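First to last, the protein sequences are chains B and H.
At position 6 of the first sequence the residue is numbered 7 (this note's numbering), and the sequence of numbers has no breaks.
At position 182 of the second sequence the residue is numbered 176 (this note's numbering), and the sequence of numbers has no breaks.
Treat the hints with caution; some may be incorrect.
[Stated by the list, open to error] Only pairs whose alpha carbons sit at most 30 angstroms apart, straight line, appear in this in silico DSSO-like list of lysine-lysine: (1) H/K127 / B/K180; (2) B/K123 / H/K244; (3) B/K180 / B/K156; (4) B/K123 / H/K62.
[Unchecked claim] Ranges of calculated distance between the beta carbons of each label pair, as one might list FRET restraints: (5) H/K199 / B/H121: 40 to 50 angstroms; (6) B/G30 / H/E266: 32 to 42 angstroms; (7) H/P11 / B/E197: 25 to 35 angstroms; (8) H/L261 / B/T6: 50 to 60 angstroms; (9) H/G74 / B/P45: 30 to 40 angstroms; (10) B/E231 / H/A254: 33 to 43 angstroms; (11) H/E266 / B/R193: 39 to 49 angstroms; (12) B/G30 / H/Y87: 37 to 47 angstroms.
Simulated from the structure, these hints should not be mistaken for laboratory data.
Computed from a predicted model, the values in this text were never measured in an experiment.
We treat Cβ as the ideally placed atom computed from N, Cα and C, and that holds for glycine.
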Amino acid sequence: MSDFTPNEMMTIAAARALKNDDVCFVGIGAPSAACNVARLTHAPGITLIYESGTIGTAPDVLPLSIGDGELCETALSTVSVPEMFRYWLMGGRISIGFLGAAQLDRFGNINTTVIGDYAHPKVRLPGGGGAPEIATSCGEIFITLKQAPRSMVKKIDFFTSFGHGEGGDHRQRLGIRTKGPTLLITDLAVWRPDPETREFTVTSLHPGVTREMVQETCGWPVRYAASLDETPPPTGLELGTLRDLQARTAAAHQRKT
Amino acid sequence: MAAFLSLHDAVAENLRPGDTVAFEGFTHLIPHAAAHEAIRQGIGDLTLIRMTPDIVYDQMIGMGLAKKVVFSYAGNPGVGLLRRMRDAIENGYPRAIETVEHSHSAMAQAYEAGASGLPLAVFRGYKGADLAKVNPDIRSVTCPFTGEQLAAVPAHRPDVTFIHAQKASAAGDVLIEGIIGVQKEAALAAKRAVVTVEEVVPDFKGLHPNLCILPHWTIRAIAVVPGGAHPSYTHGYYPRDNAAYLEWDKVSADRDLFAAWMQDNVLAVGPEIFASRVEALK
Chain B
2 MSDFTPNEMM
12 TIAAARALKN
22 DDVCFVGIGA
32 PSAACNVARL
42 THAPGITLIY
52 ESGTIGTAPD
62 VLPLSIGDGE
72 LCETALSTVS
82 VPEMFRYWLM
92 GGRISIGFLG
102 AAQLDRFGNI
112 NTTVIGDYAH
122 PKVRLPGGGG
132 APEIATSCGE
142 IFITLKQAPR
152 SMVKKIDFFT
162 SFGHGEGGDH
172 RQRLGIRTKG
182 PTLLITDLAV
192 WRPDPETREF
202 TVTSLHPGVT
212 REMVQETCGW
222 PVRYAASLDE
232 TPPPTGLELG
242 TLRDLQARTA
252 AAHQRKT
Chain H
-5 MAAFLSLHDA
5 VAENLRPGDT
15 VAFEGFTHLI
25 PHAAAHEAIR
35 QGIGDLTLIR
45 MTPDIVYDQM
55 IGMGLAKKVV
65 FSYAGNPGVG
75 LLRRMRDAIE
85 NGYPRAIETV
95 EHSHSAMAQA
105 YEAGASGLPL
115 AVFRGYKGAD
125 LAKVNPDIRS
135 VTCPFTGEQL
145 AAVPAHRPDV
155 TFIHAQKASA
165 AGDVLIEGII
175 GVQKEAALAA
185 KRAVVTVEEV
195 VPDFKGLHPN
205 LCILPHWTIR
215 AIAVVPGGAH
225 PSYTHGYYPR
235 DNAAYLEWDK
245 VSADRDLFAA
255 WMQDNVLAVG
265 PEIFASRVEA
275 LK
């Protein structure tokens, strides 16, 4: 299989990171696509949770919002939003939180709140939603985003969701007991935090991607792991599953006439 | 005791200028018809509480009814940004608004605390998050048993909460099912709760014993408005009009287009229009 887009590679590489016995809190957008591709391929037993209160959901099409009816209709159970955040998230029952980002720094700190000054923003973004507590309450955090100099930046404008802070043991110093960001999947590469500094380093390049391409679309000097892998290209099953899911989704979100 | 009223009277009798009000519904069951009635009546200077301001508050803010918004996610879910709310925050148009921003966890638990009659919600949250630096309502308390530092936010106690639900019984009890969100907590946290429903049925006999039901004595007024959540949805009645959410991105991007849309689709019509809007979705 050679004919695939960088976005498809990103979604499929992210899907591969999820396991059959994971309990995953799903962010909307790219994380949602990856989580459902995982469920429809190698991880049929995965538990997907959306912040609208749906536990163990198995949508046939990707939801446009985190509260589409399909999520509830296919869920094992639907709980209230206070219960979702108290018993299930704060209670430590969710192994992976899967987040997107508007701005990301090399330590996995995420900004989805403002570009510019908070009181007088250049761009007012939607804000954190569930992410500030997802970032600190889930066992570990996976992040996925498309690389661009304006999204992968040296310094984020606002700490919406705490990653590894200034690096090292910053999480522990704040009393946070969970692992934080352990994986970053972009359209060009797979990144994992350095065991000491916690800075994201590239561990695998997607097929056809060069180090120059990664650096051109990243706002900090990119570091590489000692042994650099190439991400296996999408299989026919992975690509077919993703494309079918996206076709069903596009058809479902058009206005019925 | 719940009174069955027209939507006009339910809003006029319960919402006053300057009130703190929540129109709740977490993606599902958003009380659009009630908000449109508030817009038609021009009830302003409101403090609007809602986890996800969504299209419903984008419209109220764009019409200049809000002086303050308390929220946790100001996006058009799955589509992008709320352009009228952004215009108010970035440019003070049509008026400047004060914002009080939280996380979902904090908002949900602030409603729960309000429903519980507690002054605050306590939870493990906001660690390392900059919101705590820009929102003075985010504070911390020390657990008297373990010494753990926990986040604290004040309870939500709206003057009025509006919600939309599937059914009312003839006695005025209200049944909510599907994604139940924070509606029960928001209704019980408020001094006055007003509910729009799809339909009235004689009673709820023979249904599942654990359904989410608000007894009639927790509700001030009920108005029957079929389709009243559109373009949000009512589980079991009609689906979310995702195309309308996509279209809103264009309508809300331009001040004049927005004003014309509100004139045609809100100011010049009444609540009966909602039934026809969901007809094609069923």
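Hint by hint, here is what the structure shows:
1. For the hint linking H/K127 to B/K180, the alpha-carbon distance of about 24 angstroms falls within 30 angstroms, and the restraint holds.
2. Only pairs whose Cα atoms come within 30 angstroms are accepted, and B/K123 paired with H/K244 is accepted, the gap being roughly 20 angstroms.
3. Distance restraint check for B/K180 and B/K156: the Cα-Cα separation of roughly 22 angstroms lies within the 30 angstroms cut-off, and the hinted pair is therefore satisfied.
4. Of the pairs offered as hints, the one joining B/K123 and H/K62 holds, with about 20 angstroms between alpha carbons and a cut-off of 30 angstroms not exceeded.
5. H/K199 and B/H121 have their C-beta atoms about 57 angstroms apart, which leaves the hinted 40 to 50 angstroms range violated.
6. For B/G30 and H/E266, the Cβ-Cβ distance of about 37 angstroms falls inside the hinted range of 32 to 42 angstroms, so the restraint holds.
7. For H/P11 paired with B/E197, a C-beta distance near 59 angstroms fails the hint of 25 to 35 angstroms.
8. In this structure the hint that H/L261 and B/T6 lie 50 to 60 angstroms apart at CB is violated, the actual value being about 45 angstroms.
9. Between H/G74 and B/P45 the C-beta distance comes to about 32 angstroms, which sits within the given range of 30 to 40 angstroms.
10. For B/E231 and H/A254, the hinted distance range of 33 to 43 angstroms is not satisfied, since their beta carbons lie about 54 angstroms from each other.
11. A hinted range of 39 to 49 angstroms for the beta carbons of H/E266 and B/R193 is inconsistent with their spacing of about 58 angstroms.
12. Range check, B/G30 to H/Y87: Cβ separation about 29 angstroms, and the 37 to 47 angstroms hint is violated.
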